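Visitor: Here is how the chains run, residue by residue.
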Amino acid sequence: MATEPPVERPNRAGGRDPLLEVGGLQTQFPVERGTVEAVATADLSIEPGEIVGLVGESGSGKSVLAQSLMGMVEAPGEVVGGVVALRDSDLVREFAAAFPDAVTDVSEEDLALVRADEPAITSDAEAAATLAGPGEFVFVESRDADGDPEAGFVDVRRAPEAALQRLRGGRISMVFQDPMNSMNPTLTVGEQIAETVRLHQDVGESVSLPAELKRKIVGAAKNGEAWRRAIEMLEAVEIPEAEARADDFPHEFSGGMRQRAMIAMALSCEPDLLIADEPTTALDVTIQAQILDELTALKDAFDTSILLITHDLAVVAETCDRVNVMYAGEIVERAPADELFANPQHPYTQGLIASTPRVSNPDDEIEPIQGNVPDLIDVPYACHFAPRCPESERECFEREPDFREVGESHEAACLRRGPPGDRL
Amino acid sequence: MTERDADARPEADASAQPTDHPPRADGGTETSDGGVADTTFGTRRGEFGVGEVPPEYETESTVEEHRSTLERIVRTLRRDRLALAGAIFVLLFVVVAVFAPYVAPHGPEETFGLMKPPLSESVGDFDGDGQTETVTHYLGTDSFGHDLLTRIIYGARVSLLVALATVGVAFSIGTTLGIVAGYYGGWIDSVIMRYVDFQWAFPEIILGVGIIAVMGGLGVVNVVLAIGIAFIDDFARIIRGEVLSIREEEYITAARAVGMGDLRIMFKEMVPNAIAPLIVQATLMIPLAILAEAGLSFLGLGVKPTTPTWGLLISDGRQFISRAPWISVIPGLAIMLVVLAFNTLGDGLRDAFDISQSEVE
Chain A
1 MATEPPVERP NRAGGRDPLL EVGGLQTQFP VERGTVEAVA TADLSIEPGE IVGLVGESGS
61 GKSVLAQSLM GMVEAPGEVV GGVVALRDSD LVREFAAAFP DAVTDVSEED LALVRADEPA
121 ITSDAEAAAT LAGPGEFVFV ESRDADGDPE AGFVDVRRAP EAALQRLRGG RISMVFQDPM
181 NSMNPTLTVG EQIAETVRLH QDVGESVSLP AELKRKIVGA AKNGEAWRRA IEMLEAVEIP
241 EAEARADDFP HEFSGGMRQR AMIAMALSCE PDLLIADEPT TALDVTIQAQ ILDELTALKD
301 AFDTSILLIT HDLAVVAETC DRVNVMYAGE IVERAPADEL FANPQHPYTQ GLIASTPRVS
361 NPDDEIEPIQ GNVPDLIDVP YACHFAPRCP ESERECFERE PDFREVGESH EAACLRRGPP
421 GDRL
Chain B
1 MTERDADARP EADASAQPTD HPPRADGGTE TSDGGVADTT FGTRRGEFGV GEVPPEYETE
61 STVEEHRSTL ERIVRTLRRD RLALAGAIFV LLFVVVAVFA PYVAPHGPEE TFGLMKPPLS
121 ESVGDFDGDG QTETVTHYLG TDSFGHDLLT RIIYGARVSL LVALATVGVA FSIGTTLGIV
181 AGYYGGWIDS VIMRYVDFQW AFPEIILGVG IIAVMGGLGV VNVVLAIGIA FIDDFARIIR
241 GEVLSIREEE YITAARAVGM GDLRIMFKEM VPNAIAPLIV QATLMIPLAI LAEAGLSFLG
301 LGVKPTTPTW GLLISDGRQF ISRAPWISVI PGLAIMLVVL AFNTLGDGLR DAFDISQSEV
361 E
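Protein sequence lines correspond, in order, to chains A and B. Each residue of the first sequence is one higher than the last, beginning at 1 in the UniProt record's numbering. Each residue of the second sequence is one higher than the last, beginning at 1 in the UniProt record's numbering.
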């Protein structure tokens, strides 16, 4: 658990390879009147060891995006397109061994061909995914001298349930908004963490139902490695008297402690990525600050990356390295956190910041964004923000906005931004 | 709860203490050691930093010992006298059934004077040693001259076995069907629940008769299966309803998010949350099963006619109800007492299994 700098991966495409690369992700919910495009072609990337924020108002599709990343979209919802590439050499090796039929090798030449065919595709992962045969979701990009996979990624979107169950909790885990309801009320906190450990780590404790029953009857659950690890985790999130509290039921914990316990559970198997879906929204401000501090500290201790989903701009400014702003199923702006708040570019981001009350200037007029988030059923216009945008022109409704460079590593998907020549 | 919360987060405790609060024992003042101006709000930093409190304010740990399920049951029984009475009676019933040969005054097949009323005596040579004894029948004898107390004690064995096995069969099949239906929903739910509805439409005893007719033959196993299957619908219905609401809970989503599969979610996450109504239902079903067994035996479809069961005893006494009413009435009373005992116990157990409720009190 020593704090180590994230391992540099072989440099392939010019920059560092991201841990998570989401390309063209599309999640839809069929309803009677048509199709709700909850996530319409989202692109997102997370580097190892980074905290990336995803902000947007309620109903903008943040949570559905998170569910899509874990392969947990509830029926009838469905991820209909895109790629969710989780890049980790250990993971690729593990999955290549476990799912030999699902492995596909992609070479640099193949990718070049795809890119030549379809100039719209920018990321390696997206290009590679077009080469996948049916049932293939483990992409090997290079192999070492023994023929073992060396680099590559796993496409979470194409992964079958069996593979997803290994990923969830073990590689990608999640912390939810409401700590009051996200732990099982009938199992002790320690048991819930220990169970996650048993599921994903080889601690020599079987997870079959007979073994569970035996543990319960003999009471051996507390002698094992998994239980010891659960207590360690509770100590890591600063639960006082962890050993005694591990025996408590969730209702004996306060809200803040429960959220810490959830974080302990999520981190217990040292995942590569932690998705925190509004982790502090249900907590009061002092606890919020503690939880955020803890998340940041644990991120380093456990060498994990965090995707922080929130509607709270203050939380984002405080914690995140980079921020993605989401509106009506689309990511509209992305930038480093400081840059975004210093120099917001997309009209939606500007509106969002202007509508945030400030403690320092209570007399400032708050300017709400006019109108409401559109109904996402078959949105007819190109830029989803156009109807509420103070700067919209006719063309905004007709032409898909593309991402334009508006600052250093700062992009906005707005036709009225970017280099003067392209600007509307 | 508040006390414990405060204790759980010493830093919150400390910040809540105004720095000038208690005059110190040594007569010094809080600021004598020179507080440092804090940069944030221009206030002075106190003697005690975050997480520190004066020694006299330190509190002992208030973490409660965790109670196991067994301890909670014991606690509930200690508080709830009625449940305790039920538990004692159920225990008695079990002990008597298990140790019937040692408890019963006579053998189950020994015969004495016919239809002796309770507390009467039989006089004669019953053990074949050539001497005449006097035997007291505390509960009388039946139409074959069996000692009624003995028959009831031996009858408890069959009744207990049948009741527990029946509820076991109904519980396991019914619960599994109900969970699967509720968890998966859709056509699986429709198929299972339409079957349950179909079964619901028939009274258990009719269904039991039908199932025995299909299986053919008498015997304890057939009775258990017949009544067990006939009781599936109640369990299936109850747990399906529970699962439908539990399914929407965030902790189920959280369980999926840590990589649990369907089976594990159903049986490890959902069942413990749905167990309370099932336990109550099970304790309510035990008396029903005893009655159903009695009913089937009464109809001649239960166990072999010579086996002592409560149902057969009542059935035998029916012909003599006007001359010797005790033959039917006393086994009937036994059934009633056991039913009552299981019901009060079940009520108490429900409280014990409701974790949040029992802990809050």
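In short, the hints are calculated from the structure, not lab data. As the structure is a computational prediction, the values presented were derived from the model and not from experiment. Yeah, the Cβ is synthetic: ideal placement off N, Cα and C, and Gly gets one too. Be aware that a few hints might be false.
[To be verified] Residues from chain A that face chain B, not an exhaustive set, calculated with beta carbons under 10 angstroms: (1) D90; (2) R93; (3) S107; (4) L113; (5) R115; (6) A120; (7) L131; (8) S173; (9) Q177; (10) N181; (11) T196; (12) L209; (13) M265; (14) S355; (15) R358.
[To be verified] In silico negatives: residues of chain A with every beta carbon more than 12 angstroms from chain B: (16) T35; (17) A66; (18) M70; (19) S123; (20) Q165; (21) E191; (22) Q192; (23) E195; (24) V207; (25) D338; (26) A342; (27) N361; (28) P374.
[Stated by the list, open to error] Covered stretches of chain B (chain A as the covering partner; in silico rule of three or more C-beta atoms under 8 angstroms from a C-beta of chain A): (29) 229-237; (30) 248-255; (31) 260-267.
Visitor: Against each hint, give a clear statement of whether it holds in the structure.
Guide: Status of each hint after checking the structure:
With its C-beta approaching chain B no nearer than about 17 angstroms, A/D90 sits outside the 10 angstroms limit, and its interface hint is violated. Among the interface hints, the one on A/R93 is violated; its C-beta lies about 19 angstroms from the nearest C-beta in chain B, farther than the 10 angstroms criterion. Using the Cβ-Cβ criterion of 10 angstroms, the hint placing A/S107 at the interface with chain B is not satisfied: the shortest such distance is roughly 32 angstroms. Because the smallest distance between the Cβ of A/L113 and any Cβ of chain B comes to about 36 angstroms, over 10 angstroms, the interface hint for this residue is violated.
At a threshold of 10 angstroms, the smallest CB-CB gap from A/R115 to chain B is about 35 angstroms, leaving the interface hint violated. With a least beta-carbon distance of about 33 angstroms to chain B, the hint placing A/A120 at the interface is violated under the 10 angstroms criterion. Restraint check, A/L131 versus chain B: the minimum CB separation of about 28 angstroms is more than 10 angstroms; hint violated. Interface hint status for A/S173: upheld, as the beta-carbon distance to the closest one in chain B is roughly 6 angstroms, under 10 angstroms.
About 8 angstroms separates the beta-carbon of A/Q177 from the nearest beta-carbon of chain B, less than 10 angstroms, and the hint is met. About 4 angstroms separates the beta-carbon of A/N181 from the nearest beta-carbon of chain B, less than 10 angstroms, and the hint is met. The interface hint given for A/T196 holds, since its Cβ lies 5 angstroms from the closest Cβ of chain B, which is under the 10 angstroms cut-off. Contact between A/L209 and chain B, as hinted, is supported at the beta carbon level, the nearest pair being about 6 angstroms apart and thus within 10 angstroms.
Against a cut-off of 10 angstroms between C-beta atoms, the interface hint on A/M265 holds, since the closest Cβ of chain B lies about 7 angstroms away. Here the hint on A/S355 is broken, as its CB sits about 27 angstroms from the closest CB of chain B, past 10 angstroms. Look at A/R358: its Cβ only gets to about 17 angstroms from chain B, farther than 10 angstroms, so that hint breaks. Every beta carbon of chain B lies more than 12 angstroms from that of A/T35, the smallest distance being close to 21 angstroms; the non-interface claim holds.
Not every C-beta of chain B lies more than 12 angstroms from that of A/A66, the closest at about 10 angstroms, which undercuts listing it as non-interface. A beta-carbon of chain B is positioned within 12 angstroms of the beta-carbon of A/M70; the least distance is around 6 angstroms. The Cβ of A/S123 sits about 26 angstroms from the closest Cβ of chain B, beyond the 12 angstroms cut-off, so the non-interface label holds. Non-interface call for A/Q165 relative to chain B: violated, since the shortest CB-CB distance, roughly 5 angstroms, does not exceed 12 angstroms.
Annotated as non-interface, A/E191 brings its C-beta within 12 angstroms of a C-beta of chain B; the closest such distance is 10 angstroms. Once the 12 angstroms rule is applied to beta carbons, A/Q192 is inconsistent with being away from chain B; the minimum gap is 9 angstroms. Non-interface call for A/E195 relative to chain B: violated, since the shortest CB-CB distance, roughly 8 angstroms, does not exceed 12 angstroms. Residue placement check: A/V207 does not keep its beta carbon more than 12 angstroms from all beta carbons of chain B (closest about 8 angstroms).
Even its closest Cβ contact with chain B, about 21 angstroms, leaves A/D338 beyond 12 angstroms, as expected for a residue assigned away from the interface. Separation of A/A342 from chain B is adequate, the least Cβ-Cβ distance of about 23 angstroms exceeding the 12 angstroms criterion. Once the 12 angstroms rule is applied to beta carbons, A/N361 is consistent with being away from chain B; the minimum gap is 18 angstroms. The Cβ of A/P374 sits about 27 angstroms from the closest Cβ of chain B, beyond the 12 angstroms cut-off, so the non-interface label holds.
Three residues within the 8 angstroms Cβ limit are the bar, and the region 229-237 of chain B against chain A gives 0, so the coverage statement is violated. Three residues within the 8 angstroms Cβ limit are the bar, and the region 248-255 of chain B against chain A gives 6, so the coverage statement holds. Residues of the region 260-267 of chain B with a Cβ under 8 angstroms from some Cβ of chain A number 5, which satisfies the need for three, so the listed coverage holds.
Comparing the model with each numbered hint stated earlier shows that hints 1, 2, 3, 4, 5, 6, 7, 14, 15, 17, 18, 20, 21, 22, 23, 24 and 29 do not hold.
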